[in-house]
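A.B. asks: Here the protein sequences line up with chains L, E and X, keeping their order. All residue numbers for the first sequence refer to this note's numbering, where the first residue is 1 and numbers rise by one. All residue numbers for the second sequence refer to this note's numbering, where the first residue is 1 and numbers rise by one. All residue numbers for the third sequence refer to this note's numbering, where the first residue is 1 and numbers rise by one.
Misleading hints may appear alongside valid ones.
Each pair of labels, with its calculated beta carbon distance range [to be verified]:
id	chain 1	residue 1	chain 2	residue 2	range
1	X	Leu90	E	Glu94	26 to 36 Å
2	X	Val260	E	Asp261	31 to 41 Å
3	E	Ser386	X	Trp63	20 to 30 Å
4	L	Arg50	X	Leu78	23 to 33 Å
5	E	Lys148	X	Val260	19 to 29 Å
6	X	Glu176	L	Gly34	19 to 29 Å
7	L	Glu225	X	Asp91	43 to 53 Å
8	X	Asp91	L	Glu16	26 to 36 Å
9	X	Leu134	E	Asp261	44 to 54 Å
10	X	Leu83	L	Glu225	52 to 62 Å
11	E	Lys258	X	Val260	41 to 51 Å
Bear in mind the hints are in silico, worked out from the structure with no lab data behind them. Just so you know, these numbers come straight off a predicted model, no measurement behind them. The beta-carbon is built from N, C-alpha and C at its ideal position, and this holds for glycine as well.
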Amino acid sequence: MRGVSAHYDEARVLDEVSLRIGEGEVVTLVGRNGAGKTTLLRCVMGLHQRMTGEVTFAGRDISTAAPHRRARLGLGFVPDDRGIYAGLTVEENLTLPPVPAAARSSGSPWSLERIYESFPVLAQRRRTSGARLSGGEQQMLALARVLRTGARVLLCDEPTEGLAPIVVQRIGEIIRGAKEHGVGVLLVEQNVRFATTVADRHYLLAQGRIVRSLDNTEVREREHELLQYLGL
Amino acid sequence: MRRSWSAPSAALAAIALLAGCGGGGPGSGGGSISDDGITLGVLTDLSGVYADLAGPNAVKAVEMAVDDFKKKHGDKAVTKNISVISADHQNKPEIANTKAREMYDRKKTDAIFDVPTSSAALAVATIAGQSKRLYFNIGAATTELNGKSCNKYTYGWAYDAYMLANGTGTEVTEHGDRNWYLIYPDYAFGQDMEAKFSTAIKSAGGEVVGKDATPFPNDNFSTFLLKASAHKPKPDVVGVMQAGGDLVNVVKQYQQFKLKDKDIALAVGLMFDTDIKSIGQKNLAGTRYTTAWFWNMDDKAKQWSARFKERTGVTPTFDHAANYSAATQYLEAVQRAGTDKAEDVAKTLDGMKFDDVFARNAEVRKEDHRVVHDAYLVQVKEPAESTEEDDFTKLVKTIPADKAFAAPSPDCTMG
Amino acid sequence: MTSFLQQAFNGLVSGGFYALLALGLAVIFGMLRVVNFAHGALYMLGAFGAVVLSDSLGLGFWWALLIVPLVLAAAGMLVERLLVHRLAALDPLYNFLLTFGIALVCQDLMRMKYGSHSQPYAGAPFPGSLDLGLFTFPTYQVFVLCVAAVVCLAVWLLLTRTRIGTVVRAATERPETTRAFGIDTGRWVTPVFGFGAGLAALAGVLAAPMRAVNSSMGADLIIIVFAVVVIGGLGSIPGAVTAGFLIGMLQALGNLYVPVLSQTSVYLLMAVVLLVRPAGLFGKEEHA
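Based on the provided sequences and hints, a complete structural model is requested.
C.D. replies: Right, dumping it as structure tokens:
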């Protein structure tokens, strides 16, 4: 994943944003509500129609590729509402995204069995409707679902929002686990403290622009100031 | 989700409004004839369920009457400028109302013809009364037009619910099927038919053991047929008052439920040759009904029907023949009166006795403007009995003009 | 009691037609977010298909039952590819108008060709009656109910037990997210539209032996089917089927016990459902 530069015309939600995520790198995107974080993820995924600029992935220009093509190349999307299908069972939710042939042959570390081992709660409830899971379980399901496809970069939109601390901790473990396997993660996060436990770098997004790039020490040192800025 | 439904309904409303507009034709212009000519307006169902039995060919029947009139009178005709215009009322009273006003006021129409669907016909009669122009009802069956709602500008030319009920109801009851179950569509025509049939059946010594008003339109009559067959006392005959597609539905389902095998006969209130074609002659063979006219009833009718078929490609229904008859008698009345002034034409018509391709032993009754003429109780032929195309019916009995229609209603005051 | 059961059964038969039509409508709406106003026209064309096959090619009912739905499914796919597809990105209103226009064109073409009176159908199978223990019923109508039930069940199994079904259900629930999961939902749009069209055509063929076949038969029926779909929950497949059978029964029993309400009962129910559960009996509120 090389770099993203995107903007809109008319109501500009994103203005010439550029960022890159390396292999095994976790990058967070922090910013106030309405700063354009979610839109940025949607642009990367190809879900936003009116976008200019360039999105490249593993050296390939995918700016005009359809969303499903991008997913098959290795982009894993975890939307802000977690994207769990109420009409599908847990297992149907998990196995819905196809595993690309490339990922299958290279032996993804996240087979269905492995997922059920790591998330016994999902194994127990594999036949229940996705709607009947708790928020934390839904978030785990959403992450497990994209990991199973062997995605090389995850796009996670506020995965910890509204979750209990213990669950947040578990999410952190999953992300760090993915990182160990060389998966890059673009994390939209309001929970700054959580972000520093998983991320390598942080971008501050304001009014559609990246106004600052910070590392973990900077974030820790200026946490108070940052929280104030974010209005939290 | 609610939002996405309101959008299509808005669109539907817009389309419905658009569909309501359009149609019509030019007026014309000399002499003792107002606006320099005579305009005959055919207001009918040009595209809906009655478009085949009336519809565009009813317009052609009136045009044919105009052509025949011109040929007959040549230079002696009261005017050479006679035109025919038409409009689609879609069987809706509110559209009929608008179109009739437009015809009388803007298009200088002297007389309106046809108007199937009773509620629409009643609307047009009201406008005719207000506009003081003539209206010849052909297609609507309601007796109200010559009863409670009569006026001196409106004539009932072809048939009415009394004629149908009196013929079929009386005859079938006297034939031995005394217990009736009536299934009728829940609108003006059906209600009128139900009332007239009930009266006819009772006065013939029979009884209406059960009856059901049905939705309109409707494609599931099984409910009512089941009810009828389970009814105590058991009816001898089911009388169905549906028309057009609904009649086809009810007869198809009557056959599937095998009511005939349970000794429950079928009687049909109103039937056109187009209905017999739709249901299939063999499915209806033996069914008795009453009609005002049928195309091969005698040589006079047959000759005219051949000319009509040459012109239109179809065998005429009684509605077509009656439109021709009314237009012809109207034009002759204008010719005799020497003017198209409605009151003078009406004076010429009132009490007139005539015979033409449609009506036999006919008289235009002065009291209520009902045209009385012979009616016919007929029976659908077995396919083997048919000798030519569209030869569906045979005569059982001619009901003479003085018996075929009710006496003038005391409710009718023409003023 | 027997009469009650017989009437309820009769209601299920007409409910079968509603269910087949509502099912197709629901599947199409789910996948395309298009309310297919041409659905009634497809039903009408299905019935005409049976008549034409019988009259001009001498092919009986069983052939019609096989050929007509396939032909109209193909026609439906063609329409989706050539027309509906082009408007997909715009406001759904454009496709409402398009399909409404298609319905009017089909209706008028059939009226020009065949007139407005009903067409006779000679190929009706099963002329007899069947003894169902408590009552006898026309064999053909029992057959219609069986076909409707089997088809609805088969569609249900297809949707719940197969990969295609999972994908269709997923795309119905969240069209956008599903694409982001590597599924080319666009690939399924055309077949699904064709499938819905085929279901309507099937209902039309089934109607030919027991109902009047004319150009307006679909227009009259589809209004009730829209009410069925709203009651069941727009886009909900079990909702469409259940509401279809339910309303068939309600109408039949309504005619028996409260004939005054027979014409309005469906719309009353729709109003009540919309007030109490705006998303329909089986519907879920739309995601933002």
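A.B. asks: None of the hints should be skipped; say for each whether it holds.
C.D. replies: We went through each hint and held it up to the structure:
Remark: the range hint 26 to 36 Å for Leu90 of chain X to Glu94 of chain E is upheld by a beta-carbon distance near 34 Å. The given range of 31 to 41 Å is respected by Val260 of chain X and Asp261 of chain E, whose C-beta atoms sit roughly 32 Å from each other. Between Ser386 of chain E and Trp63 of chain X, the C-beta spacing of about 29 Å keeps the proposed range 20 to 30 Å intact. The supplied range of 23 to 33 Å is met by Arg50 of chain L and Leu78 of chain X, whose beta-carbon atoms lie about 31 Å from each other.
Distance hint check for Lys148 of chain E and Val260 of chain X: the Cβ-Cβ separation is about 25 Å, which falls inside the suggested range of 19 to 29 Å. At roughly 20 Å, the beta-carbon separation of Glu176 of chain X and Gly34 of chain L lies within the given 19 to 29 Å, and the hint holds. Range check, Glu225 of chain L to Asp91 of chain X: Cβ separation about 46 Å, and the 43 to 53 Å hint holds. Take Asp91 of chain X and Glu16 of chain L: their Cβ atoms lie about 31 Å apart, and the range 26 to 36 Å holds.
Checked against the hint of 44 to 54 Å, the pair Leu134 of chain X and Asp261 of chain E fails, with Cβ atoms roughly 19 Å apart. Under the hint 52 to 62 Å, the C-beta atoms of Leu83 of chain X and Glu225 of chain L, about 58 Å apart, fit the expected range. Taken as a hint, the range 41 to 51 Å is violated for the pair Lys258 of chain E and Val260 of chain X, whose Cβ atoms sit roughly 30 Å apart.
In summary, the structure is inconsistent with hints 9 and 11 from the numbered list given earlier, while agreeing with the others.
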